[in-house]
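Hey, can you work out the whole structure from these sequences and the hints?
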Amino acid sequence: MAVSYHVRSNSFPSRQHPQAAHVDEQLNRLRSSEAASSSSSSSICQRLSSLQDLHDSLDKMLRLPITHTTLSQQQIEKLLDGSIKILDLCNIAKNGLSQMKESLKEIQSIVRRKRGDLSAEVKKYLASRKLLKKSFQIVLKNFKACQNKNNNAESLAVFGEAETVTVALFESLFSFMSGSKACGKWSLVSMMMSQNKVTCEDEANEFTRVDLEFQSEKSLKVEDVQILESCIQDLEDGIESLSKSLIKYRVSILNM
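Numbering (full-length UniProt numbering), first residue to last: 1 to 256.
By construction, these hints were calculated from the structure, which means they are not laboratory data. Hints are supplied without guarantee of correctness; some may be wrong.
What the hints assert, rightly or not - Derived pair list, reagent style DSS-like, types lysine-lysine, alpha-carbon separation capped at 27 Å:
| no. | residue 1 | residue 2 |
| --- | --- | --- |
| 1 | Lys123 | Lys105 |
| 2 | Lys133 | Lys123 |
| 3 | Lys85 | Lys130 |
| 4 | Lys134 | Lys123 |
| 5 | Lys244 | Lys85 |
Here it is as structure tokens:
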């Protein structure tokens with residue numbers, strides 16, 4: 001169903017505004033990419049870029065005079081509440097990625113220098129990963145509970161839909177960062193069996209592949225750690241760009 005932005009006004013015809021039509025197209029593309037995209041770092045980075053463009057367009061919509069006359073104070077407060085919660089998701093993701101990146105650098109430093117307690121640092125990394133997975137689940141559960149209480153008024157439809165696809169992206173991102181659930185269930189004994197190990201590695205993303213190597217403690221590949229670091233950097237850059245667009249979007253709401 002197309003997302004519309006209809007306004008009843010004597011000075012403005014009751015039809016979809018051109019800027020809203022553009023946003024509608026962006027939302028349709030994001031929904032299509034969400035349904036068709038694979039769980040890969042490149043697809044998630046592309047969706048982050050598309051979300052940045054979407055919020056830049058929403059920012060332009062908020063600057064329209066007709067938007068100022070359409071939204072009530074209560075609706076503006078709902079947009080403010082939604083925007084700050086999404087920024088919180090950005091910060092949670094950035095903090096998690098930064099924490100993992102620092103741990104990986106320390107592990108690589110120990111491997112290069114051949115000095116230090118590698119086993120202890122790896123255990124620290126895996127324990128941190130476990131805590132992050134739990135925090136991601138709690139954050140998304142709480143956010144979705146709040147979302148279900150939001151007003152679905154027609155004038156808020158396009159903004160509500162944007163919030164929905166944004167949260168869906170973070171759900172995919174947190175799931176990706178948590179690693180493959182199927183691989184995560186392999187026992188250490190199963191992972192050491194060649195057939196199961198190959199199957200799991202084939203399904204693993206960059207995070208899971210390194211997790212498995214750290215858990216086995218016998219097959220650490222420095223190149224896989226470097227690939228994960230590169231993946232983390234790409235995700236950090238995408239989230240940072242989205243955060244900047246969200247801040248501009250939030251400022252426009254505050255100016256209303």
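Subject >> Broken hints, by number >> reply: none
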